[in-house]
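So the chains spell out like this:
There are 2 protein chains.
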Amino acid sequence: MIQLVKKGGSFGRDFIRQLKLRNEESNRQVETAVSEIIENVRLGGDTAVRDYTLKFDGALPDQTEISSGEMKGFLSQCEPDFLSALSRAAENIKDFHSRQKQQSWFNTDEDGVMMGQRIRGLSKVGIYVPGGTAAYPSSVLMNAIPAKIAGVQEIIMVTPPGKDGKPNPDIMAAALTAGVDRVFLVGGAQAVAALAFGTETIPKVDKIVGPGNIYVATAKKQLYGTVDIDMIAGPSEILIIADETAKPEFLAADLMSQAEHDVLASAILLTTSEEIAEQTVAQIDRQMPGLSRKEIIARSLDRFGAIVVCESMEEAVAFSNELAPEHLEVCAANPMEYIGKIDNAGSVFLGNYSPEPLGDYFAGPNHVLPTSGTARFFSPLSVDSFIKKSSFIYYTESALKSAQKDIIQLAETEGLTAHANSIKVRR
Amino acid sequence: MIQLVKKGGSFGRDFIRQLKLRNEESNRQVETAVSEIIENVRLGGDTAVRDYTLKFDGALPDQTEISSGEMKGFLSQCEPDFLSALSRAAENIKDFHSRQKQQSWFNTDEDGVMMGQRIRGLSKVGIYVPGGTAAYPSSVLMNAIPAKIAGVQEIIMVTPPGKDGKPNPDIMAAALTAGVDRVFLVGGAQAVAALAFGTETIPKVDKIVGPGNIYVATAKKQLYGTVDIDMIAGPSEILIIADETAKPEFLAADLMSQAEHDVLASAILLTTSEEIAEQTVAQIDRQMPGLSRKEIIARSLDRFGAIVVCESMEEAVAFSNELAPEHLEVCAANPMEYIGKIDNAGSVFLGNYSPEPLGDYFAGPNHVLPTSGTARFFSPLSVDSFIKKSSFIYYTESALKSAQKDIIQLAETEGLTAHANSIKVRR
Numbered sequence: 001m002i003q004l005v006k007k008g009g010s011f012g013r014d015f016i017r018q019l020k021l022r023n024e025e026s027n028r029q030v031e032t033a034v035s036e037i038i039e040n041v042r043l044g045g046d047t048a049v050r051d052y053t054l055k056f057d058g059a060l061p062d063q064t065e066i067s068s069g070e071m072k073g074f075l076s077q078c079e080p081d082f083l084s085a086l087s088r089a090a091e092n093i094k095d096f097h098s099r100q101k102q103q104s105w106f107n108t109d110e111d112g113v114m115m116g117q118r119i120r121g122l123s124k125v126g127i128y129v130p131g132g133t134a135a136y137p138s139s140v141l142m143n144a145i146p147a148k149i150a151g152v153q154e155i156i157m158v159t160p161p162g163k164d165g166k167p168n169p170d171i172m173a174a175a176l177t178a179g180v181d182r183v184f185l186v187g188g189a190q191a192v193a194a195l196a197f198g199t200e201t202i203p204k205v206d207k208i209v210g211p212g213n214i215y216v217a218t219a220k221k222q223l224y225g226t227v228d229i230d231m232i233a234g235p236s237e238i239l240i241i242a243d244e245t246a247k248p249e250f251l252a253a254d255l256m257s258q259a260e261h262d263v264l265a266s267a268i269l270l271t272t273s274e275e276i277a278e279q280t281v282a283q284i285d286r287q288m289p290g291l292s293r294k295e296i297i298a299r300s301l302d303r304f305g306a307i308v309v310c311e312s313m314e315e316a317v318a319f320s321n322e323l324a325p326e327h328l329e330v331c332a333a334n335p336m337e338y339i340g341k342i343d344n345a346g347s348v349f350l351g352n353y354s355p356e357p358l359g360d361y362f363a364g365p366n367h368v369l370p371t372s373g374t375a376r377f378f379s380p381l382s383v384d385s386f387i388k389k390s391s392f393i394y395y396t397e398s399a400l401k402s403a404q405k406d407i408i409q410l411a412e413t414e415g416l417t418a419h420a421n422s423i424k425v426r427r
Numbered sequence: 001m002i003q004l005v006k007k008g009g010s011f012g013r014d015f016i017r018q019l020k021l022r023n024e025e026s027n028r029q030v031e032t033a034v035s036e037i038i039e040n041v042r043l044g045g046d047t048a049v050r051d052y053t054l055k056f057d058g059a060l061p062d063q064t065e066i067s068s069g070e071m072k073g074f075l076s077q078c079e080p081d082f083l084s085a086l087s088r089a090a091e092n093i094k095d096f097h098s099r100q101k102q103q104s105w106f107n108t109d110e111d112g113v114m115m116g117q118r119i120r121g122l123s124k125v126g127i128y129v130p131g132g133t134a135a136y137p138s139s140v141l142m143n144a145i146p147a148k149i150a151g152v153q154e155i156i157m158v159t160p161p162g163k164d165g166k167p168n169p170d171i172m173a174a175a176l177t178a179g180v181d182r183v184f185l186v187g188g189a190q191a192v193a194a195l196a197f198g199t200e201t202i203p204k205v206d207k208i209v210g211p212g213n214i215y216v217a218t219a220k221k222q223l224y225g226t227v228d229i230d231m232i233a234g235p236s237e238i239l240i241i242a243d244e245t246a247k248p249e250f251l252a253a254d255l256m257s258q259a260e261h262d263v264l265a266s267a268i269l270l271t272t273s274e275e276i277a278e279q280t281v282a283q284i285d286r287q288m289p290g291l292s293r294k295e296i297i298a299r300s301l302d303r304f305g306a307i308v309v310c311e312s313m314e315e316a317v318a319f320s321n322e323l324a325p326e327h328l329e330v331c332a333a334n335p336m337e338y339i340g341k342i343d344n345a346g347s348v349f350l351g352n353y354s355p356e357p358l359g360d361y362f363a364g365p366n367h368v369l370p371t372s373g374t375a376r377f378f379s380p381l382s383v384d385s386f387i388k389k390s391s392f393i394y395y396t397e398s399a400l401k402s403a404q405k406d407i408i409q410l411a412e413t414e415g416l417t418a419h420a421n422s423i424k425v426r427r
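One line per chain: the protein sequences are X and B, in this order.
In this text, residue positions in the first sequence follow my numbering: the first is 1, and each later residue adds one.
In this text, residue positions in the second sequence follow my numbering: the first is 1, and each later residue adds one.
Heads up, some of the hints might be wrong.
Dumping the calculated DSSO-like pairs for lysine-lysine here, alpha-carbon to alpha-carbon at most 30 Å [said to hold, decoys possible]:
1. X:Lys294 x B:Lys401
2. B:Lys424 x X:Lys424
3. X:Lys341 x B:Lys163
4. X:Lys101 x B:Lys424
5. X:Lys204 x B:Lys204
6. B:Lys341 x X:Lys148
7. B:Lys341 x X:Lys405
8. B:Lys204 x X:Lys20
9. X:Lys247 x B:Lys294
10. X:Lys221 x B:Lys20
11. X:Lys294 x B:Lys405
12. B:Lys101 x X:Lys94
13. B:Lys424 x X:Lys294
Hints are computed from structural coordinates only; laboratory data are not their basis.
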C-alpha cells in the first residue's frame with residue numbers, strides 16, 4: 001500500500017534516507033567476481049569471452065558477430081506496427097538531439113593569434129543492451145542516436161544471446177533504425193571487458209554506455225579511466241507535483257508506470273490537495289489489478305512510494321529540488337511557470353498530457369537520466385556525451401613578445417623556471 | 001639522459017607500456033586510510049576535520065574561514081608585477097571560456113508542443129588547491145573562472161594552511177581575481193570529504209575539482225557519485241612533432257618545461273630530421289645546468305623522455321594519435337595543416353611561437369587537460385564541466401492523441417503495460 005501523508009504529517013528525513021539506500025546493491029563478492037572476469041578477458045581475449053558466454057548464457061551463438069544482412073533478416077519477425085512506431089520515435093529522437101550539437105569554433109585577433117576549440121565525435125563507442133525481459137529497443141535508440149549525431153565513427157553493440165543462441169529481433173530492428181554499425185552476441189561483464197580492451201574479434205572502444213545488471217554496472221565502474229562510461233544508473237524514480245487542477249486518474253497511472261520498472265523504483269506524488277491525494281490512492285487501487293506487473297508495482301509502491309499533501313506548491317518544489325528526481329511531472333494549471341523554479345531534475349514533464357512514458361519512448365529527449373539525486377550535478381545522456389574537445393593555440397612571434405613578461409613572471413612566481421626558460425629562449 | 005631513437009631504431013610498445021604504468025600510484029594502504037578519513041568526517045564533521053588538520057598539517061589556523069576582507073589584506077604581500085600579470089591572464093582565460101557557454105534552448109511546434117533543454121550552472125562547486133610548493137595560482141584561475149562563467153552560485157576553495165597557520169598570499173590573490181566566494185584553510189582527504197558531505201562550517205558542494213596529492217585524488221575518486229568530480233589527473237606529458245623547420249633550442253626548452261613538473265612527467269619529441277634530433281639533445285645538455293629543477297628534469301627525461309626520428313610527419317601524427325598526449329606541440333612550416341589530422345590531444349600548440357607554458361599561464365584555453373591517453377575520450381576542463389542540463393517536454397492533449405498509438409505499441413512490445421496504461425487513461 002502506498003503511504004499517504006496528510007498535511008502536517010511526519011514525512012521526510014527517514015524516507016529520503018531510505019530512498020538513498022536503494023542503491024547499494026553491489027558488494028565485495030560481485031566486485032571480486034567482476035575483477036577476475038576483466039583480468040581474464042584482458043589476458044585471454046576471445047577465448048575467455050567464449051568460456052564466460054558458455055558459462056553464463058548457457059549457449060554459444062553460431063557466430064559472435066551479426067552482419068547487417070543478418071540483422072535485416074530478423075525484421076520479418078517483428079510486428080509491422082512496432083517497426084513503424086520505432087521509426088517515428090527515432091525521427092523525434094534525432095530531431096531533438098540534432099539541436100544539441102556543438103560546433104568547433106575559433107577566434108582570431110589582429111595580431112595573428114588564433115585560438116579555438118575543436119569538437120569531434122569519439123572514434124568508437126560500445127553500447128550494452130541487456131538480454132531477456134530487460135531487452136528494451138527504446139534504450140537502443142536512446143543510446144545510439146546521440147552517438148551517431150555526435151559523429152561517432154563506429155557504434156558497436158553487444159547483447160547476450162538468447163537460450164537458442166539467437167538475438168532478440170526487436171533489438172536488431174532498433175539497432176538498424178538507430179544506425180548501429182556492428183553487433184556482437186556477447187553479454188555480461190565479459191562483454192564490457194572485451195569492449196574496453198578489444199579482443200581478436202571485438203573492437204576496443206573509447207566509451208561504453210547502456211544499462212545492465214549489477215555485473216555489467218560493476219564492470220563499467222571498474223573500467224572507468226581505461227574507457228569512458230556513462231553514469232552508473234540507479235533504480236528509476238518519478239516525482240509528481242500536482243495542484244488542485246490535476247487528474248487523480250492520470251496521477252495514479254503515472255506513479256504506477258514508474259513503479260512497474262523494478263521493486264526498487266520510487267514513485268512520489270506531492271500535492272496541495274488532500275482530495276486529489278485521496279482520489280489518487282483510490283485510482284491506484286482501481287487500476288492496479290488490470291496491470292500485468294502488478295506484483296512489482298505493489299511492492300515498489302509499498303516501500304518507495306508516497307503521496308504527500310503539501311502546504312503549498314512552493315513547499316512541493318523545494319522538496320523536489322532537494323530530492324533531485326530523475327523524472328519530474330508538473331501537473332498544474334500553469335506548468336510553464338515552474339520551469340524556472342526547478343533546480344534539479346533529469347527530465348521535466350509539464351502539464352496533464354505529458355506523461356512520463358511519452359518521454360521514455362517518443363517525444364525526443366533522452367530517457368537515460370541521472371538517478372538517486374545526482375541530477376544535482378549530472379545531466380541527461382546527450383550528444384555532448386559522445387564528443388571530445390581539444391583546444392588549440394597559435395601565437396605569432398610578436399604576440400608572444402607582448403606576452404612574454406607576464407608569462408615569465410607567473411612561471412617564476414610558481415618556481416617553474418624551465419617554464420620561464422621556454423619563453424626566454426624565444427626572445 | 002634522454003633516449004635518442006634514430007630511423008628504424010626500436011621504439012614503441014615497451015616505452016608506451018612503461019608510460020601507461022606511470023599512473024598506478026594509489027595502493028590498498030592509501031585507499032584504506034582515505035576511506036577511514038571520509039567516514040570520520042561524514043560522522044564527525046568539523047571536529048574530525050580539525051583533528052586531521054592538526055595531525056597532517058601540524059598547525060590549526062586561528063580561524064578556518066578567510067573572509068574576503070582578510071583575503072584582500074594578503075595582496076600587499078604579493079609582488080605588483082605578479083598581480084598585474086595574474087589579472088591579464090585572468091582576462092584571457094575569461095575571454096576564451098566565455099565563448100564556450102551554451103544557452104538553454106527550446107523548440108515549439110504548430111500543434112503546441114514545446115520541448116527543450118535547460119542549462120544552468122551547478123549550485124556550489126568546491127576547488128581544491130594544494131599547499132606548499134605545489135600551490136599554483138594559475139591553477140586557481142583555470143578551475144574557478146570556467147565555474148564562474150558557467151553561473152555557479154558559490155565557489156568554495158579549500159587549501160591547507162601553511163606551517164604558520166596562514167594561507168599562501170599568491171593563492172589568495174588568485175582566488176580574489178578569479179571570483180572565488182569563500183575560502184577555507186583545510187586540506188587533504190579531510191577537505192574533500194568535508195566538501196562532499198558538508199560540515200557545520202564548510203558547505204556541501206555538487207562538484208569538487210582541482211589537483212592534489214594521492215590522498216586528495218583517492219578521496220575524490222571514492223566520493224564520485226556523492227558529488228561529481230573532474231578527471232583524476234595523472235602525471236603531465238608533452239609530445240612535440242617537429243619537421244626540419246623547427247628550432248632545436250626551442251624544442252629542448254619545451255621538453256624540459258614539461259619534465260620539470262615531476263619525475264613522472266613525460267616529454268617526447270618526434271621529428272623527421274635526424275639533425276634536429278641530435279641538436280635538441282645537445283641543447284638539452286646546454287640549457288639544463290641553468291635550470292633550478294634540473295634534478296627532476298634529468299630523472300624525468302631519463303625514464304620518460306624520448307627523441308624519435310620518424311620516416312614522415314604522417315608517421316609522427318599517427319604515433320601521437322595513438323598516445324593521445326595531454327599537450328601536443330606542432331612545430332612545422334604549416335602547422336595549421338595538422339589540426340584536422342590530430343584525433344586525440346588535450347591542447348594543441350601550433351608553430352614555433354606557441355610554447356606550452358603560454359597555454360599553462362596566459363593564452364586563455366584551460367590547462368586542466370586529460371592525461372595518460374585519456375584524450376581519446378576526455379576533454380579539457382571547460383564551462384561545460386560546471387553545468388547541469390534538464391530536458392523538458394510539454395505536449396498538448398491533441399499532440400498526445402496523435403502519438404498515443406505509437407507509444408502504446410512500443411510500451412507493450414517491451415512488456416511494460418503500466419507505461420501503456422498511462423497513455424490509455426488519457427484517451
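Here's how the hints hold up against the structure:
no. : hint                : in the structure
1   : X:Lys294 x B:Lys401 : holds, 26 Å
2   : B:Lys424 x X:Lys424 : violated, 73 Å
3   : X:Lys341 x B:Lys163 : violated, 45 Å
4   : X:Lys101 x B:Lys424 : violated, 34 Å
5   : X:Lys204 x B:Lys204 : violated, 38 Å
6   : B:Lys341 x X:Lys148 : holds, 21 Å
7   : B:Lys341 x X:Lys405 : violated, 33 Å
8   : B:Lys204 x X:Lys20  : holds, 17 Å
9   : X:Lys247 x B:Lys294 : violated, 74 Å
10  : X:Lys221 x B:Lys20  : holds, 19 Å
11  : X:Lys294 x B:Lys405 : holds, 23 Å
12  : B:Lys101 x X:Lys94  : holds, 23 Å
13  : B:Lys424 x X:Lys294 : holds, 17 Å
Hint check: violations occur at hints 2, 3, 4, 5, 7, 9; the rest are consistent with the structure.
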